[in-house]
Amino acid sequence: MTEQVTPFDKLRVTYKQPSEQGYYGSFGGAYIPEMLHRNVEELRTKYLEIINEEGFQKEFRELLKDYAGRPTPLYHAKRLSDRYKATVYLKREDLCHTGAHKINNTIGQILLAERLGKKRIIAETGAGQHGVATATVCALKGVQCIVYMGEKDIERQAPNVARMKMLGATVIPATSGSKTLKDATNEAIRDWINNPNDTHYIIGSVVGPHPYPDMVARFQSVISEEMRWQLKEKTGSELPNYVIACVGGGSNAAGAFYHYLDEPSVQLVAVEAAGEGVNSGKSAATTQLGKPGILHGSKSLLMQTEDGQVVEPHSISAGLDYPGIGPLHAHLFESGRAVFMSATDNKALNAAFELAKLEGIIPALESAHALHALKMINFKKSDVVVICLSGRGDKDLATYMEHMK
Amino acid sequence: MSRISELFARKKERVLNVYCTAGFPQVDSTVKVMKALQAHGADLIELGMPYSDPLADGPVIQHSSSIAIAGGMTIAKLFEQLKEFRKEIRLPVVLMGYMNPVLQYGFEKFCSDAAAVGIDGLILPDLPIYEFETEYGAIIKKHGLDFIFLVTPETSVERIKKLDGLSSGFLYAVSSSSTTGSNKNIGDTEQYLQQLKGLGLRNPVLVGFGIKDKASFDAASKHANGAIIGSAFIKALETNPSVENSVKAFMDSILVR
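These protein sequences, in sequence, are chains A and B. According to this note's numbering, the first sequence is numbered sequentially starting from 1. According to this note's numbering, the second sequence is numbered sequentially starting from 1.
No wet-lab data here; the hints were simulated from the structure. Glycine included, each C-beta is placed from N, C-alpha and C at the ideal position. Treat the hints with care, as some may be off.
[Stated by the list, open to error] Rough simulated footprint, nothing fancy, chain B against chain A, three-plus residues with beta-carbon under 8 Å:
hint : region
1    : 22–34
2    : 288–298
[Stated by the list, open to error] Mimicking BS3-like on lysine-lysine, the simulated pairs with C-alpha atoms at most 27 Å apart in a straight line are:
hint : chain 1 : residue 1 : chain 2 : residue 2
3    : A       : K46       : B       : K162
4    : A       : K179      : B       : K184
5    : B       : K235      : A       : K179
6    : B       : K32       : B       : K109
Bound-form chain A, shown alone:
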């Protein structure tokens, strides 16, 4: 695999580490107004030092183990394996505390915020999973928590709004633009501009200005770190043939891919949400529909009009309903290191029902998109396949019930 070298990117030598200015190939960077510079620069200059400290690592690892419930199982799904004629493992992030992988990142960032002396936490959320994971760690640390959530999503995701409130967070509706995740992110960034001294912004995905994409990927990389030793135990090799994950912004995929990025024998598969169909006008398949652009502080692939106005995406799964994609993933797509596929709303629903009936596991709608990849790949009998089951499906029951009618 040849590395792409661009003027911005002479220093980066692996897929894992962006350049000093935060570029993965031609994607990334920190396109932020001056009002955010001091806070982002503080993070950029300190994040690696802080997260590599022994004390930080000790506390991070302890909380992942005793609070979040890690390591999560790597489960050999035998009936699924029989159906798809390969050895299929599920990485059970759905068994994490709060029901999804999001907690890995929020634990890391709350410890970082503490070390930076920040007393106030803000976050954006779409379906509410990241908002709940943020509210959870804020309660754990006794820190003030403000979550921005699109007005439309607040209506659609009432149980998660209630969970955040019960955990002590303030949920502020984002009423600008399309009133969904993109606008909640805008509002969180505006809050940070207005509160430059005491506030840390916990971004929930591998998006945003450098160093967020790298920082979030590092916190989530525990997923593939565990996959390696768990696979070694079960198969004798740390390396599977495939790692499959869904991608909205791409945090669970970044975590599942991370320790395999520089292992070219491992085929990485990212599954985007095609919504009602890639060409239906109601889709969130960013690599299919997007062009290079800048949103929320980084250059990546972005769904937009010809005039550069950001387009509102659609997916049945609120967690994949984002018009962009992390810059790492844009680079994996452009360089061909990962294969990108997409699953429509209906295919994802079918995959969710199939998993429920075959394995007794109700997946989140997001994760169901990754499961659909099993139908799109021709496996060899000897293939070892790991699917990142990023979250559990309780939050999607209303949608599933609708589908059962």
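Let chain A serve as the given structure and place chain B on it in line with the hints.
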């Protein structure tokens, strides 16, 4: 000498820069508003290019941008509207906007078309120093446009000097840590503005964010070469359907002695 330099050579105090959103209140209002601003005492015009996700802007400018976009405003349309504006408008005009629409238009084509219609400078708040120095600054310069960086109360002295060195035309001093149209008190920023004044910067300084009336314009002008009014002007345009009347009434309220 550029139009902006000429302005500051002539006038060093109480320079009034007014922000308006292109295509607001109506899609064809752009030049009409600019003409009225010239007729009623503005020294400089900052013309905003509407964007769906304006991170540095508060609700008022966001709203005006949504209306302009819904009305069909695009960068291509803006250059069409500005084709002949130099026949009537002599004030310096800077375009303000966000990187994404400019990139989609084509950065070099954008600079070239802006210069061709008679635009004097650019404010792109999400174009950072690194990318300016390695890629875009040279293109802006090649087309003879000024580029104006922002500084804030959080910006270090060393960085202010760097941003001043990279800017031409003027330096945009954000009055407080906020998005546009905030209610933070301009009086609290006096110390910061005095400090800026003491740095011996090469560019004139205009203060923006939170300048909304005569009192705040006067306060900002005490320590800087003038100020920028945006959200308050957009609000005035919104409440009065006649562009000519609302611009006159608003400008009179700021400039009354």
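Worksheet item: Within 27 Å, alpha carbon to alpha carbon, are K46 (chain A) and K162 (chain B)?
Response: holds (22 Å)
Discussion item. Just to be careful, I want the Cα atoms of K235 (chain B) and K179 (chain A) compared with a cutoff of 27 Å; is the pair within it?
Written reply: Answer holds: K235 (chain B) to K179 (chain A) is near 22 Å, not above 27 Å.
Item to complete: Closer than 8 Å, Cβ to Cβ, for at least three residues: run that test on the region 288–298 of chain A against chain B and report holds or violated.
Response: Answer holds; 7 residues pass the 8 Å Cβ test.
Worksheet item: Holds or violated: are the alpha carbons of K179 (chain A) and K184 (chain B) at most 27 Å from each other?
Response: It holds: about 26 Å lies between the C-alpha atoms, which stays within 27 Å.
Fill in: Given hint K109 (chain B) paired with K32 (chain B) - CA-CA distance at most 27 Å
holds (26 Å)
Worksheet item: Are there at least three residues in the region 22–34 of chain A whose beta carbon sits under 8 Å from a beta carbon of chain B?
Response: holds (count 6)
In this structure, every one of the numbered hints holds.
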